[in-house]
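Chemist: Sequence:
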Amino acid sequence: MSAALAATCAAAAAMLWCSGPVGSAATKTTEPTGIEAPRTEGWLHRLRPLWAVLAGAVAGMLFDPPLAIPTAGVAAVVTWVLVGRAESPADRRARVRARRDLPHVVGLLADALGAGQSSTAAIQVVTTALPGPASDLLAVAGSRLALGVEPGTVWSALAEDPAMAPLGRTFARAHATGASVVGAVERLAQSLAETGRAEVEDRARAVGVKAA
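Quick note: the sequence shown, position 6, residue 6 per the working numbering, numbers continuous.
To be clear, the hints were calculated from the coordinates, so they are not data collected in a lab.
There may be inaccurate statements among the hints.
To be verified - The list that follows gives simulated cross-link-like pairs (lysine to any residue, SDA-like), each with its CA atoms no further than 25 Å apart: (1) K210 to A198; (2) K210 to E199; (3) K210 to L130; (4) K210 to R187; (5) K210 to V200; (6) K210 to Q190; (7) K210 to G196.
Computed from a predicted model, the values in this text were never measured in an experiment.
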């Protein structure tokens with residue numbers, strides 16, 4: 001019986017390890033101080049109570065009383081927290097897509113700002129024209145600005161997202177220094193475009209090398 005439980009726990013740990021990084025920004029927004037993407041619950045999260053119970057049971061078997069009960073409790077709580085923070089495949093795909101779409105989002109945002117639109121109006125234009133994970137995160141920032149949240153707070157929160165960090169930092173820096181937002185976003189758009197072209201060229205060269 002103990003061997004079966006140990007094997008089950010090992011399998012659960014392997015599943016948790018393969019599920020992706022923990023502590024990602026892809027958690028449903030519950031606090032007004034952060035900008036985070038909605039979380040998609042997969043099988044790992046749906047079976048969260050099971051993993052916690054299994055971890056607690058196995059940890060309790062490793063110690064004799066009176067350490068067994070507190071050890072089991074700690075193991076169950078730790079497993080519960082880790083599974084709750086684990087990134088699902090859907091969240092991981094959304095993060096990758098947001099990072100991939102960021103150059104297009106920033107480019108259009110720079111055009112809208114250059115045309116004289118306010119930050120809130122420019123964000124609305126971008127999120128309408130380019131729907132996707134990156135626009136979803138940007139839309140949250142736009143909504144908070146429209147509600148009167150202090151811009152520095154909004155952009156600092158956006159800068160904490162792994163995919164949207166370049167744009168968040170650019171806005172936050174411009175706001176803090178009083179520099180032109182239009183110029184800062186235009187420079188970021190150019191930088192991201194150049195980086196994107198370099199990555200495409202690197203992938204093309206890698207394909208050529210593999211083919212050779």
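Chemist: All hints, please: hold or fail.
Modeler: So, going through the hints one by one against the coordinates:
1. This hinted pair checks out: K210 and A198 have alpha carbons roughly 18 Å apart, not beyond 25 Å.
2. For the proposed pair K210 and E199, the alpha carbon gap of about 16 Å is at most 25 Å, so the pair holds.
3. A threshold of 25 Å between alpha carbons decides the hint, and for K210 with L130 the separation of about 34 Å lies outside it, so the pair is violated.
4. Using a Cα cut-off of 25 Å, the hinted pair K210 and R187 is violated, with the two alpha carbons roughly 35 Å apart.
5. The hinted pair formed by K210 and V200 meets the criterion: a straight-line CA distance of about 15 Å does not exceed 25 Å.
6. Distance hint between K210 and Q190 is unfulfilled; the C-alpha atoms sit about 30 Å from each other, more than 25 Å.
7. Distance check on the hinted pair: K210 and G196 sit about 21 Å apart at the alpha-carbon level, within 25 Å; holds.
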